[in-house]
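Number of protein chains: 2
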Amino acid sequence: MRDFTQGHEWLSINTATVRKQWRLDRIVDECARRGIRAISPWRDQVAAVGLEALARQLRATGITLSGYCRGGFFPAADAAGLAAALEDNRRAVDEARALGAPCLVLVVGSLPGALEGRPLHRDIARARAEVRDGIAATLEYARTAGMPLAIEPLHPMQAAERACVNTLEQALDLCDELDPARSGALGVAVDLYHVWWDPKLAQQIARAGRDRLLAFHVCDWLTPTRDLLNDRGMMGDGVIELRKVRGWMEAAGYSGCAEVEIFSEHWWSRPGEEVLDTCVARHRTVV
Amino acid sequence: MRDFTQGHEWLSINTATVRKQWRLDRIVDECARRGIRAISPWRDQVAAVGLEALARQLRATGITLSGYCRGGFFPAADAAGLAAALEDNRRAVDEARALGAPCLVLVVGSLPGALEGRPLHRDIARARAEVRDGIAATLEYARTAGMPLAIEPLHPMQAAERACVNTLEQALDLCDELDPARSGALGVAVDLYHVWWDPKLAQQIARAGRDRLLAFHVCDWLTPTRDLLNDRGMMGDGVIELRKVRGWMEAAGYSGCAEVEIFSEHWWSRPGEEVLDTCVARHRTVV
Chain A
242 MRDFTQGHEW LSINTATVRK QWRLDRIVDE CARRGIRAIS PWRDQVAAVG
292 LEALARQLRA TGITLSGYCR GGFFPAADAA GLAAALEDNR RAVDEARALG
342 APCLVLVVGS LPGALEGRPL HRDIARARAE VRDGIAATLE YARTAGMPLA
392 IEPLHPMQAA ERACVNTLEQ ALDLCDELDP ARSGALGVAV DLYHVWWDPK
442 LAQQIARAGR DRLLAFHVCD WLTPTRDLLN DRGMMGDGVI ELRKVRGWME
492 AAGYSGCAEV EIFSEHWWSR PGEEVLDTCV ARHRTVV
Chain B
242 MRDFTQGHEW LSINTATVRK QWRLDRIVDE CARRGIRAIS PWRDQVAAVG
292 LEALARQLRA TGITLSGYCR GGFFPAADAA GLAAALEDNR RAVDEARALG
342 APCLVLVVGS LPGALEGRPL HRDIARARAE VRDGIAATLE YARTAGMPLA
392 IEPLHPMQAA ERACVNTLEQ ALDLCDELDP ARSGALGVAV DLYHVWWDPK
442 LAQQIARAGR DRLLAFHVCD WLTPTRDLLN DRGMMGDGVI ELRKVRGWME
492 AAGYSGCAEV EIFSEHWWSR PGEEVLDTCV ARHRTVV
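First to last, the protein sequences are chains A and B. Just so you know, we're using the working numbering here: the first sequence kicks off at 242 and counts up by one. Just so you know, we're using the working numbering here: the second sequence kicks off at 242 and counts up by one.
Keep in mind the hints are simulated off the structure, nothing from the lab. Each hint should be verified, as a subset may be incorrect.
Since copy identity is lost for identical chains, a pair holds within one copy or between any two.
Stated by the list, open to error - Derived pair list, reagent style SDA-like, types lysine to any residue, alpha-carbon separation capped at 25 Å:
#: 1; residue 1: K485; residue 2: L356
#: 2; residue 1: K261; residue 2: R487
#: 3; residue 1: K261; residue 2: A426
#: 4; residue 1: K485; residue 2: G354
#: 5; residue 1: K441; residue 2: R373
Remember, it's a predicted structure, so these values are computed and weren't measured experimentally.
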C-alpha cells in the first residue's frame with residue numbers, strides 16, 4: 242500500500258469542494274501553489290472559465306485531471322428527453338477529452354422531475370432500464386473518443402432524485418452487461434461517502450479489479466448527518482475507515498488518486514485556503 | 242393479491258406514528274373506534290401505561306399486535322455493555338410474549354456511541370460481528386419463549402447510528418447462518434422506507450419466502466426528504482411503489498398486516514384523529 246504520510250502526490254481536489262469560495266481558475270492556481278497535482282472539475286465550473294482557457298491553464302501549471310464531473314442523468318419522461326440526455330452526454334465526453342481526463346464520471350439520474358420535487362412517475366425499474374440504455378449508447382460514442390466512463394453508485398438516500406444506481410454491485414453488474422470484455426472503456430467511481438456502509442464493499446472492490454476501478458473519492462460520514470446532500474465531513478471527522486478501504490482498492494489494483502469531494506455548507510463557509518490546507522493535511526494523516 | 246380497497250382488516254398502526262399526540266392507551270382506543278385491528282407498540286410507550294394494563298386493554302378491544310418494537314442494539318464498547326444488551330433483549334422477548342406479539346422486531350444497532358454523536362470506534366465489521374453474536378444468543382432464549390425475531394434492515398443513511406444491517410440480503414444472510422432450518426424462529430421485517438431503493442428487493446423478498454417474512458411496514462419516501470430520521474411520508478405522498486411491492490410480498494407467501502410506521506414531524510404536528518383517518522384512507526387507496 243502506498244505511503245501517503247510523506248507527501249500528497251496522489252491527492253486530487255474535486256473542485257466542488259471549494260466551489261462557493263472561488264472560480265475554477267483561482268482553484269487551479271491555489272492547487273498549484275500547494276503542490277496539488279490533480280483536480281476533478283464540474284462542467285458548470287468549466288463553462289464559467291471556458292474550456293480552452295482551462296486547458297491552457299492546466300498545461301501551464303502541470304495539473305492533470307483525476308476525472309471529469311459529470312455525465313449521466315439519462316432517464317426522462319419522453320423520447321425527446323432521452324435523446325437530449327444522450328446529446329448532452331456526448332458533449333460531456335468531448336469536454337472530458339479536450340481536458341485530458343482519464344474518465345467521465347456518470348451520475349446516472351433517476352425518476353424524472355424528482356430533483357425538482359415533482360416526480361413524473363415512480364417506476365424506478367423503468368429509470369434503471371433507461372440508465373442501462375443510456376450508458377450503452379454513450380459507451381459507443383465514448384469508445385470512439387477513447388474516453389472511459391465511470392459509473393458512480395450514489396447513496397441510497399439519493400436514489401429518487403440523483404441516481405438509481407446505488408450499490409457497487411449494481412454498477413458492476415451494469416459493467417459486466419455492457420462491457421463483458423473488461424475493455425477498460427467502462428468502470429466505476431468508488432466514492433466512499435456513497436458506499437462506505439455496504440456490507441459487500443470489500444467483496445465488490447475485489448470483484449471490480451484494476452480494469453474497472455477508475456476513480457476513488459474520499460470525504461467522511463458525520464454522526465449526526467444533518468442534510469441528505471450538503472453535510473459531508475472532512476476526512477477524519479466521521480466514521481468511514483478511509484485507510485482500510487484504500488487498502489482494499491490498492492489490493493485490487495487501483496493506483497490512482499484519492500480525490501477529495503466534499504459537499505458541505507460548513508466547509509463552503511470557510512476560507513478556501515483553509516479548506517485546501519486541511520485537505521492536504523488530512524490526506525497525509527487519515528487517508 | 243388481497244383486495245385492500247374495501248376495508249382495512251389488514252391495517253396495523255405502528256404506535257410511533259401518533260406517539261407525540263397520545264399515550265398508548267388512548268391510541269388503542271382510537272384504533273378500536275376506527276375498526277383498526279392491529280397495532281405495533283414501542284417499549285417506552287408500553288412502559289408508560291404498564292404492560293399488564295395494556296394486555297387487558299388489548300383483550301377488551303380485541304386488538305392484536307403485528308409486532309413489538311423493539312429489541313436489538315447489540316454492539317457495545319465492552320463486555321459489560323454486550324451483556325447488558327443481551328439482558329435487555331431477553332426482557333423485550335418476555336414483554337412481546339406477554340402481549341401476544343407475533344414477533345419481536347430487531348433494530349440491531351451499530352457503532353457504540355454514534356447515536357449520541359460520539360462514536361467510540363469506526364469498525365463497522367466489529368459491530369456486525371457483535372450483531373450476529375447478539376442475535377444468536379437472543380435467538381436461543383426467544384426459541385424457548387416461542388417468540389420469533391424479525392431483523393429489520395435499516396436504510397444505509399442510518400448505518401452508523403442505528404443499524405449496521407442495511408439490506409434485505411444482509412438480513413437474510415444472517416437468517417440463513419443462524420437458522421438454516423428455516424424454523425420460523427428468525428426472519429425479517431420489511432420496512433419499505435428502508436429498502437424501497439434496493440435493486441435486489443424483488444429478488445430478496447422471493448428468497449425470504451413465507452417462513453422469513455415476519456412483518457411488512459409501509460409509509461412513503463418524500464422528494465425532497467429533509468431529515469434523515471423524522472421526515473417519512475404518508476403512503477401516496479412519495480415515490481415508493483407500495484402496491485407493487487405488496488404484490489411481491491404476497492407472491493412470496495406473506496399474508497399478514499401492512500403496518501403503517503411514520504416518523505414525521507409533520508404528522509406528529511397534526512391531530513391524531515386526522516393521522517389515523519388518513520392512514521385508513523390511504524391504506525385503501527394506495528397500499
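Going through the hints against the structure:
Proximity of K485 to L356 under the C-alpha cut-off of 25 Å is restricted to the inter-copy arrangement: shortest distance 23 Å between copies versus 34 Å within a copy. Proximity of K261 and R487 under a CA criterion of 25 Å is satisfied in neither setting, with 29 Å inside one chain copy and 45 Å between copies. Taking identical chains as interchangeable, the C-alpha atoms of K261 and A426 are never at most 25 Å apart, the minima being 33 Å within one chain and 54 Å between chains. Taking CA atoms no more than 25 Å apart as the test, K485 paired with G354 passes between copies only; the shortest distance there is 21 Å, against 38 Å inside one copy.
For a Cα distance limit of 25 Å, the shortest separation of K441 from R373 qualifies both inside one copy, at 22 Å, and across copies, at 16 Å.
Checked against the numbered hints given earlier, the structure breaks hints 2, 3 and satisfies all the rest.
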